[in-house]
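Undergrad: Listed below, chain by chain, are the residues.
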Amino acid sequence: MIRVQREDFDVAAELDRLTRGNRAIGGVASFVGLVRDLHAPGDAGIKAMTLEHYPGMTEKMLTEIEAEAQARWPLDASVIIHRYGRMEPGERIVLVACASRHRDAAFDACRFLMDWLKTKAPFWKLEETAAGERWVAARAGDDAAAERWAHPKKAAE
Amino acid sequence: MKILYFAWLRQRVGCAEESVEPPASVTDVASLVEWLRGRGPGYAAALADPSIVRIAINQAFARADAPVRPGDEIALFPPVTGG
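Residue numbers (this note's numbering), protein chains in the order written: chain A, 1 to 157; chain B, 1 to 83.
By construction, these hints were calculated from the structure, which means they are not laboratory data.
Keep in mind that the hints are not guaranteed to be accurate.
As the list claims (entries may be wrong) - With a straight-line Cα cutoff of 35 Å, these simulated DSBU-like cross-link-like pairs (lysine-lysine) come out:
#, chain 1, residue 1, chain 2, residue 2
1, A, K60, A, K47
2, A, K60, A, K120
3, B, K2, A, K120
4, B, K2, A, K60
5, A, K120, A, K47
Said to hold, decoys possible - Residues from chain B that keep clear of chain A, each with C-beta distances beyond 12 Å, as calculated:
#, residue
6, E18
7, D28
8, R37
9, R39
10, Y43
11, Q59
Stated by the list, open to error - Example chain A residues on the side facing chain B (calculated, C-beta under 8 Å, incomplete):
#, residue
12, M1
13, R3
14, A48
15, L117
16, K118
17, K125
Each residue gets a CB set at the ideal place from its N, CA and C atoms; glycine is no exception.
The whole structure should be built from the sequences, with the hints applied where relevant.
TA: As structure tokens, this is what we get:
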């Protein structure tokens with residue numbers, strides 16, 4: 001299931017919903033992304049972050065990415081929730097959770113989903129600092145992380 | 001043809017969305033971007049370096065040599081930074 005929403009989400013409620021009624025599930029791996037205020041001493045701290053997205057394409061890409069994870073790993077259930085709009089440091093931005101019979105599939109699929117949505121989901125972060133606004137630049141490391149999954153055999157090594 | 005701009009491309013161009021009717025010489029993404037650059041200083045600033053502009057045609061990622069057609073929804077944006 002995927003959701004794109006402005007409002008916060010309840011992690012415990014989402015994980016409970018993911019596994020309810022399926023007693024074959026042996027574990028859930030989840031990742032929660034937060035707005036952080038990480039800056040060099042002397043630099044202006046982050047007051048808030050605004051996430052812009054491309055309505056329509058966002059839902060389409062998240063649905064495709066989730067289907068890809070379901071095809072690659074034996075998952076019983078998965079969820080991707082991504083927020084947009086203005087958030088302050090400490091707030092939750094994204095939840096990815098995968099449930100499976102065994103932990104390996106759940107851990108791997110969760111990591112795959114995060115790596116892929118970092119490079120394929122059309123979201124952009126605008127940071128607000130005391131010195132003004134700045135768009136967050138894409139990190140080469142995110143491309144490298146996603147590239148690991150481009151060849152399923154390599155990822156399994 | 002509908003063009004959408006996001007993030008700093010939107011700010012530099014000065015609008016989020018517009019309808020355009022490019023000349024017949026515009027057949028692919030690369031020629032569309034080149035044509036858009038000539039529409040004004042904001043466009044020139046937004047599209048100064050096409051190598052950092054990402055493109056989606058009808059909500060799917062596309063490369064510079066992908067064909068564009070009347071009626072397409074074309075989005076231009078910087079590399080994504082979600083997650």
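Undergrad: State for each hint whether it applies.
TA: Evaluated hints:
Distance restraint check for K60/A and K47/A: the Cα-Cα separation of roughly 31 Å lies within the 35 Å cut-off, and the hinted pair is therefore satisfied. A distance of roughly 11 Å separates the Cα atoms of K60/A and K120/A; the hinted pair therefore holds under the 35 Å criterion. With a C-alpha separation of about 22 Å, the suggested pairing of K2/B with K120/A holds against the 35 Å cut-off. A C-alpha spacing of about 19 Å is found between K2/B and K60/A, which places the hinted pair at or below 35 Å, so the restraint holds.
Of the pairs offered as hints, the one joining K120/A and K47/A holds, with about 26 Å between alpha carbons and a cut-off of 35 Å not exceeded. Look at E18/B: its CB is around 15 Å from the nearest CB on chain A, clear of 12 Å, so calling it non-interface holds up. At the 12 Å boundary, the C-beta of D28/B stays outside the reach of chain A, the nearest C-beta of that chain being 20 Å off. Distance check on R37/B: its Cβ is at least 20 Å (rounded) from any Cβ of chain A, clearing the 12 Å threshold; non-interface status holds.
Residue placement check: R39/B keeps its beta carbon more than 12 Å from all beta carbons of chain A (closest about 22 Å). Distance check on Y43/B: its Cβ is at least 18 Å (rounded) from any Cβ of chain A, clearing the 12 Å threshold; non-interface status holds. Distance to chain A contradicts Q59/B as a non-interface residue, since its nearest Cβ pair spans about 4 Å, not more than 12 Å. Below 8 Å, beta-carbon pairs count as interface contacts, and M1/A has none with chain B, the closest being about 18 Å; its hint is therefore violated.
Because the beta carbon of R3/A sits about 14 Å from the nearest beta carbon in chain B, more than 8 Å, this interface hint is broken. Taken as an interface hint, A48/A does not check out: its beta carbon lies about 15 Å from the nearest beta carbon of chain B, beyond 8 Å. The closest approach between the C-beta of L117/A and any C-beta of chain B is roughly 5 Å, which is under the 8 Å cut-off, so the hint is satisfied. Of the supplied interface hints, the one on K118/A holds, with its beta-carbon coming within about 4 Å of a beta-carbon of chain B, less than 8 Å.
The restraint placing K125/A at the interface with chain B holds, with a minimum CB-CB distance near 5 Å, inside the 8 Å limit.
Hint compliance for this structure: hints 11, 12, 13, 14 are broken, all remaining hints hold.
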